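Peer 1: Each chain is listed here by its residues.
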Amino acid sequence: MISEIGHFALALAVMVALLQAALPLIGAAKGNRALMELAVPTALAQALLVLIAFLALMYAFVTSDFSVEAVAHYSHTTKPLLYKISGVWGNHEGSMLLWALILALFGGSVAFFGKNLPLVLKARALGVQGLLGVSFLLFILFTSNPFQRLFPAWPNGNDLNPLLQDPGLAFHPPLLYGGYVGFSVAFSFAIAALIGGKVDAAWARWVRPWTLAAWVMLTLGIALGSYWAYYELGWGGWWFWDPVENASLMPWLVGTALLHSSIVVEKRNALRAWTILLAILTFSLSLLGTFLVRSGVLTSVHAFAVDPARGIFILAILILVIGGSLALFAWRAPSLKGGGLFAPVSREGALLINNVLLTAAAGMVLVGTLYPLVLESLNAGKISVGAPYFNMTFGVPMIPLLLLVPFGPILAWKRGDALGAVQRLYVAAGLAVLVLLVTLALTFDGPWLAALGIGLASWLMVGAIWEWAERVRLFRVPLAQSWRRIRGLSASAYGATFGHFGVGLTVLGIVGMTAWRTEIITVLELGESRELAGFTVTLKSVEDLAGYNYDGESGIFEVSKGRMTQNLQSEHRIYRVTGQPTTEVGLRTTPLGDLYVVLGDPQENSERPAWVARMYYNPLVSWIWLGALVMAFGGGLSLFDRRFRVGAPQKARAKTVPEAQGVSA
Amino acid sequence: MTGSAKLIRIMMVIGLGFSFFLAGVAGPVFAVEPDEVLDDPVLEARARELSKTLRCLVCQNENIDSSHAPLAKDLRIILRERLSAGDTDAQVIEFLVTRYGDFVLLMPPVQRNTLILWIAPALFMIFGITGAIIYMRNTKTVTREADLTAEDTRRLAELIAED
Chain P
335 MISEIGHFAL ALAVMVALLQ AALPLIGAAK GNRALMELAV PTALAQALLV LIAFLALMYA
395 FVTSDFSVEA VAHYSHTTKP LLYKISGVWG NHEGSMLLWA LILALFGGSV AFFGKNLPLV
455 LKARALGVQG LLGVSFLLFI LFTSNPFQRL FPAWPNGNDL NPLLQDPGLA FHPPLLYGGY
515 VGFSVAFSFA IAALIGGKVD AAWARWVRPW TLAAWVMLTL GIALGSYWAY YELGWGGWWF
575 WDPVENASLM PWLVGTALLH SSIVVEKRNA LRAWTILLAI LTFSLSLLGT FLVRSGVLTS
635 VHAFAVDPAR GIFILAILIL VIGGSLALFA WRAPSLKGGG LFAPVSREGA LLINNVLLTA
695 AAGMVLVGTL YPLVLESLNA GKISVGAPYF NMTFGVPMIP LLLLVPFGPI LAWKRGDALG
755 AVQRLYVAAG LAVLVLLVTL ALTFDGPWLA ALGIGLASWL MVGAIWEWAE RVRLFRVPLA
815 QSWRRIRGLS ASAYGATFGH FGVGLTVLGI VGMTAWRTEI ITVLELGESR ELAGFTVTLK
875 SVEDLAGYNY DGESGIFEVS KGRMTQNLQS EHRIYRVTGQ PTTEVGLRTT PLGDLYVVLG
935 DPQENSERPA WVARMYYNPL VSWIWLGALV MAFGGGLSLF DRRFRVGAPQ KARAKTVPEA
995 QGVSA
Chain B
32 MTGSAKLIRI MMVIGLGFSF FLAGVAGPVF AVEPDEVLDD PVLEARAREL SKTLRCLVCQ
92 NENIDSSHAP LAKDLRIILR ERLSAGDTDA QVIEFLVTRY GDFVLLMPPV QRNTLILWIA
152 PALFMIFGIT GAIIYMRNTK TVTREADLTA EDTRRLAELI AED
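Chains P and B supply the protein sequences, listed in that same order.
All letters in the first sequence, in the order written, are residues 335 to 999 by the working numbering.
All letters in the second sequence, in the order written, are residues 32 to 194 by the working numbering.
Honestly, the hints are just simulated from the structure, not real lab data.
Keep in mind that this is a model prediction, so the values were computed, not measured.
Backbone N, C-alpha and C define an ideal beta-carbon position, used for all residues, glycine too.
Among the hints, a few may not be true.
What the hints assert, rightly or not - So these bits of chain P aren't anywhere near chain B, every CB distance computed over 12 Å:
no., residue
1, Y565
2, N689
3, L768
4, A947
As the list claims (entries may be wrong) - No farther apart than 25 Å at their CA atoms in a straight line, the calculated lysine-lysine pairs in the BS3-like style are these:
no., chain 1, residue 1, chain 2, residue 2
5, P, K874, P, K895
6, P, K716, B, K104
7, P, K364, P, K601
8, B, K83, P, K895
9, P, K874, P, K748
10, P, K671, P, K601
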């Protein structure tokens, strides 16, 4: 019964989304206020209906209603509650419903919080949001109905892929989708602006919080996915250049560019057409990512759907959305020419370079990801494009970009002073070089590229702090005055500082992990030990294991160094229902590095009981994800900038109202 | 070519079936296992480096060094046998490519059907930078306004930012 309510709500949501798409757009074209005002209630109603459908599906999962196909295929009564809930989006149908839910919630939020948006802009943006909603809701109803009933109902379910039964992966999809789908708001605003032919500072200011929110979620989603791979797959890899990962990296790269270019629109009214294009591209790449993962084009752990009808439906959405928006862009963008002037060496110039390099990097990832697929579909050969290719090409735009990051915020708008910027950063550069030399001296037999990498990471981190110190004139003016400046600095300024500092942390982690990782792969008897990175690792005991829905073995490793002794537990499990094996890693995380131990198979033909053991020391690795957290924190901080506050203070409003008048009148 | 392609497909099917069989019966099968490791550390290091650039044919985008699949294990052993027999890295790769095709290489070779793949990164950089230069050229350069000192300019910028 509840499932039928969900199904009905979904069908109703399509109707409402259709109204949301059609009426406000017609109203905006005809100048009909009443029609335009329908955008808000329809967007809210759509969000409510999709939420009802989603909750109905969640109810089916939580109550283990195996007369619902998705539940029977992907759930089981013995599964813990958390994974019954996360199982809702651990399958194709449910994850598409989550996609549609987040889309509708974003639309609803724009409707709810957008009280000070000009009516025409709001009507058009919500109309576009409605169009997207219609496409995806139809996709769900026609090809991926999560409420499909089974008759007769199964006595019990097939269980969820055990790799997905993990707290990290429970929250990974909602965050990732929040990012993907969140960029739809920037997209809808961009299309609305193109239809209206008006992009200005106010527009940039309205869009920015949405882009920021989406970017923060995408950053967290990617980081969580990477951390999950690190501790779950059992050998400590954290990025594989898998097409599915690339699918999330591309919108992140272009979204990061969008975040930066919209600052130029807001502050200097330049790069307008480019920013609109970035908004379109970011969401298009999000859609492409959805297509790659959901269509079954790539067959991997991530792709649970192999059904050509679905692939063609999503491809049609993809072509309509991308083709339509780019055509509209080509038609309307020429009217957006002009805007604030600036010299090559200036804040705008630096942000332009940032955009060029980030977009180039995304382009490279795109070509590398799609190339084998295209080649194969043209029958032109079967090749692989893997990590070695991406590692080689990705650095070309990224290393110059990272080197230039500290210069950006220190350059003045309009016309900067290159020499002055260099002068103001020489202490930061000196410190970075010093760190580089110390690293080189400490690891003189190690790879010298690693020392350069550590130097780069220090340059980014010191550069970020230095720029902040410059702004508050630390130690140049009396401390009281600096304190006043520290308090007066805008939230966005702090956001940028944290964001750039976080990049440095991530680089630090990547360099440490890539350059100095050590490992031992061996057979251990009980009580036997090995030395790794200064630690003594002893296999103390191995016991049989019986969990709630798996069996296996659990090994205790004793780790000691000096006076420190600690036990690490590693398991290998076999899930009863699916028979699939997984590993649970024993991890000892410190700021300096992770000790990572994995219990392997028992050795059958040895005299005394012995097991394969894998031990890794992963230097600095946790900074990869902590850096991403700091970046996301910076993005979150920027959200609190008073300029974006709902019911913005008088000063900000006084600026935006005259610009908005032309449209809302 | 088609003959070997068919062979690969058959092998992949067998390998896949085999890996499912193992997954159901035995415990987890891991990446590089102790019994595979060569006694000569130099040779073993070469084998590890090489196996990071070779694709596990039945897996999704995974190298044979980290893959759990039995086929990857076979490849790791073949690779080590060839190295022990005195093959150079290039010879080992050539041997595997004739057997499994370019698909086995995670770093695609530079040849006719990968030309665009290899030129694309350079093109992106060139287009991007030229585009930026053209943009800068088209917008008239800002003329020097007043001769403020760098200090003044910065103070001014700060005051504006504070506003």
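Peer 1: If you test the structure against every hint from before, which numbers come out violated?
Peer 2: 2, 4, 7, 8, 9
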